[in-house]
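Enquirer: Here is what each chain is made of, one letter per residue.
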Amino acid sequence: MTDAYLIGAGQSDFGSFPSESYRSLFDNAFDEAVESVDSEFDSDRIDEAFLGTLGVGGRQLGLSGPAVTEHLGLHGIPTTRVENACAASGYALRQAVMAVRSGMADVALAGGYEVMTDMSGDHTKWWLGVSGETEWERLSGTTFAGVYAQMASAYMREYDATREDLSRVAVKNHANGAQNPHAQLGFECTLEDAMNAPDVAAPLNLYHCCPTTDGASAALIASEEVAYELSDTPIRVAGAGAASGRVGLFQRDSLTSIPASESAADRAYEEADIQPGDLDFAEVHDCFAIAELAAYEDLGFCDRGEAAQLLRDGTTDPDGEIPVNTSGGLKSKGHPIGATGTGQAVEAFAQLRGEAHVQVDGASVGLTHNVGGSGGGATVHVFEQADGGAR
Amino acid sequence: MSSDRGIIATGVTVPRLRLDGAEIEAAWGTSAPVEQAAVPTADEDSFTMAVAAARDAIESSRLVSNDVEHLAVATTTPPLEEEEFAPRMVSALGLDTDSTVNTATQSTVAGADALLSAARADGPSLAVVSDAPAGDPAEVGQRVGAGAAAFLFAADGSVILTDTATRSRDAPGIRFRESSTETVEGLEITSYERDIIRDLVATSVDALDVTSDDVTGVSLHQPTGDIPHRIAGSLPYDAETISRGTLVDEIGDAGAATPALGLLAAINASEPTSQTVAGFFGSGATATALTFETRDPLITDVDEALTDGVEISYAKALRERGTIGETEVAGGGAHVSLPSWQRSIPQRYRLEAGQCPACGAVAFPPEGACPDCHERVQFDTVSLPRTGEIVAVTVIGQGGAPPEFVEFQRRDGPFAVAIVEVTASDGTARFPVQMTDCDPEAVSVGDRVAGEFRKIYSVEGVTRYGLKFTPE
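Going down the list, the protein sequences come from chains A and B.
Here my numbering is used: the first residue of the first sequence is 1, the next is one more, and so on.
Here my numbering is used: the first residue of the second sequence is 1, the next is one more, and so on.
Keep in mind the hints are simulated off the structure, nothing from the lab.
For each residue, glycine too, the CB sits at the ideal point set by N, CA and C.
Here are some, though not all, of the chain A residues that point toward chain B, as calculated from beta-carbon distances under 7 Å:
1. 129
2. 130
3. 134
4. 157
5. 250
With the sequences and hints as input, model every part of the structure.
Expert: Below, the structure is given as structure tokens:
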């Protein structure tokens with residue numbers, strides 16, 4: 001089995017783009033990914049594509065993957081559309097890694113795209129929250145923010161955490177996102193701003209929730225042979241973990257953690273043969289502020305109940321022990337559902353090549369963590385710098 | 001009809017919202033026709049109130065729900081103009097599906113029909129009179145009220161129906177509703193109306209085989225508080241006796257339900273061997289009188305139901321009732337089809353869960369692999385209690401509701417959604433719930449809550465009902 005390597009990654013701007021389609025957004029991401037490969041990259045070398053999207057709004061709900069690759073001129077290659085809600089492209093990335101590791105592909109394209117801001121208020125209401133458990137959770141009147149807010153209510157009851165701690169996630173991620181030209185909400189915010197925003201679903205306010213976003217992202221996964229041929233600084237996919245969980249929060253044993261994240265992380269760490277303490281940075285799934293706190297614990301950055309302390313201590317700041325969401329995270333960079341997983345890989349790629357907008361000094365091992373829904377699915381990928389030069 | 005067959009238990013439900021007459025006067029600058037009216041919350045209708053009153057009656061009796069063999073329901077405002085709702089009520093109450101059902105509607109005399117139907121049936125029988133008429137907001141129409149009364153008949157009754165009499169006459173135009181409208185109208189030809197109501201009700205009551213001295217309370221047709229006293233002008237009952245059965249000034253004109261609730265109040269005031277008289281009237285016109293003999297005291301919490309209210313503004317009353325138009329959210333994305341909803345009715349209505357025969361874990365809903373041991377098993381059916389504790393909660397603010405709940409939120413405002421944990425046979429089960437009848441901001445983790453049967457949402461013209469929760 002060959003190892004799989006990340007040789008290029010790129011994203012479109014994240015934001016609201018009425019003049020773009022999901023296909024044209026993906027063109028932008030793809031171009032940036034190709035551009036990021038050290039050597040001239042001929043897109044004919046792509047053997048297969050895995051593209052994640054939830055399909056918000058309906059639009060091309062069937063066969064949107066082939067619609068994207070054909071639009072891009074990757075004529076005829078097998079393309080699979082991957083749907084696992086907000087973890088769609090985390091899973092697309094996993095598929096691409098599997099295709100390369102198995103030897104069926106030398107180069108696989110992983111990516112994702114979503115258009116969320118071009119609908120009427122009525123249509124948006126129907127589409128937001130389709131990844132919650134539909135028959136019981138949604139039909140109790142709960143929204144997606146509502147489910148995470150319920151998690152926050154239980155977490156704040158059980159552990160030492162406050163709305164101020166939730167707001168610290170926003171302050172940190174906005175500070176990082178302000179440096180990222182691709183970010184949708186690329187501005188800084190103060191703790192006061194983040195504390196005083198209107199409630200969306202108590203205890204979560206507007207600053208504790210990510211925006212809805214249009215955007216696309218792409219990652220090129222190659223075999224060891226191709227990676228060393230095309231890249232001066234190949235990034236090895238050292239660990240690929242994934243797991244499923246019950247789709248409804250009420251169906252799970254824990255209301256304060258995401259067991260699928262924990263399992264996915266365990267598997268990724270084991271495969272990469274590292275401990276959480278070995279990580280130099282992490283991109284985690286902060287769709288809502290409470291999700292970032294839960295992620296710290298699920299990914300093993302701290303013990304249960306200690307996540308808020310990491311924020312208070314600045315442990316996850318860019319100059320902290322384990323910087324989290326240097327890209328701005330979902331909160332500031334934006335969350336185009338299907339594009340988020342490979343979007344995180346774009347930041348990991350930049351960090352490990354020393355090209356990030358908020359660069360972590362000496363970063364050599366990093367992690368991306370992508371969650372579907374409120375925890376029905378999760379992927380964790382560990383990336384590490386490989387030895388440069390020809391083999 | 002065996003001689004000792006009679007009412008063994010009763011139940012009552014009045015919506016918690018109240019519109020004070022002063023609000024009507026402030027809105028219209030004219031005196032209010034009732035002192036106060038009960039306003040159904042946006043998730044209440046004749047069906048949900050009927051279920052609540054019927055549960056109240058069954059729970060306060062010596063019987064359990066599947067002892068009931070016959071259900072008679074009366075209302076002038078069924079949820080739909082055409083379609084049975086009694087079978088849905090059988091399901092909501094967990095009655096035997098072989099129970100016979102009878103729905104009386106079409107006029108305010110319907111309550112008497114349901115009482116007679118249950119009184120004359122064999123075996124334990126429920127009569128439920130529930131109503132929530134809609135008034136025309138442009139005619140000081142918010143005098144309309146709402147409420148429900150339930151009467152459980154069986155052998156060894158405490159209160160026995162001893163006689164009944166009916167009088168009819170060709171007399172339209174007093175209270176009617178045209179096809180395709182929700183609004184009750186009347187021609188308001190005052191002398192014509194009063195003459196007919198007084199004539200039919202008084203003559204039917206007069207025809208009862210009862211000694212007037214034995215009568216301690218009388219409940220008469222009561223669209224407003226003065227009508228019973230006008231009717232009684234030609235009857236041998238004093239104002240106090242009439243007042244014991246008159247509560248329209250506390251709940252408003254609840255159509256068929258007002259005289260039934262008045263009957264409950266009058267029975268409360270009765271003593272062994274005394275009689276209670278009811279005189280129902282329906283435009284068209286028919287009057288049916290009934291008289292009941294009290295053998296043993298039978299107390300219903302009518303006073304509690306009447307006083308447990310929260311006052312609201314005129315504007316809020318219009319909003320809750322949906323008087324100012326309704327909205328529908330166009331589009332679709334996670335539509336739950338009617339058949340898939342219907343499959344979950346035992347859970348939605350009665351919290352039927354499954355217990356894993358292998359490991360004992362409780363699964364709700366009872367489908368798929370066991371949530372604990374993950375084996376694919378045939379669950380044993382267990383019923384979850386309708387009370388539990390909140391383990392997670394949030395508030396869905398105005399504008400943030402899922403599409404199915406937009407209309408409810410527009411009418412009732414922000415609502416709390418929670419995860420409730422209940423203790424089941426050997427363990428616990430959790431399910432997500434929508435909270436109702438409470439201040440959403442005041443709901444927190446650790447609160448005790450109880451289930452209430454309510455409208456959940458309507459799509460494609462079909463209303464879906466189930467349990468919501470309220471603070472215990």
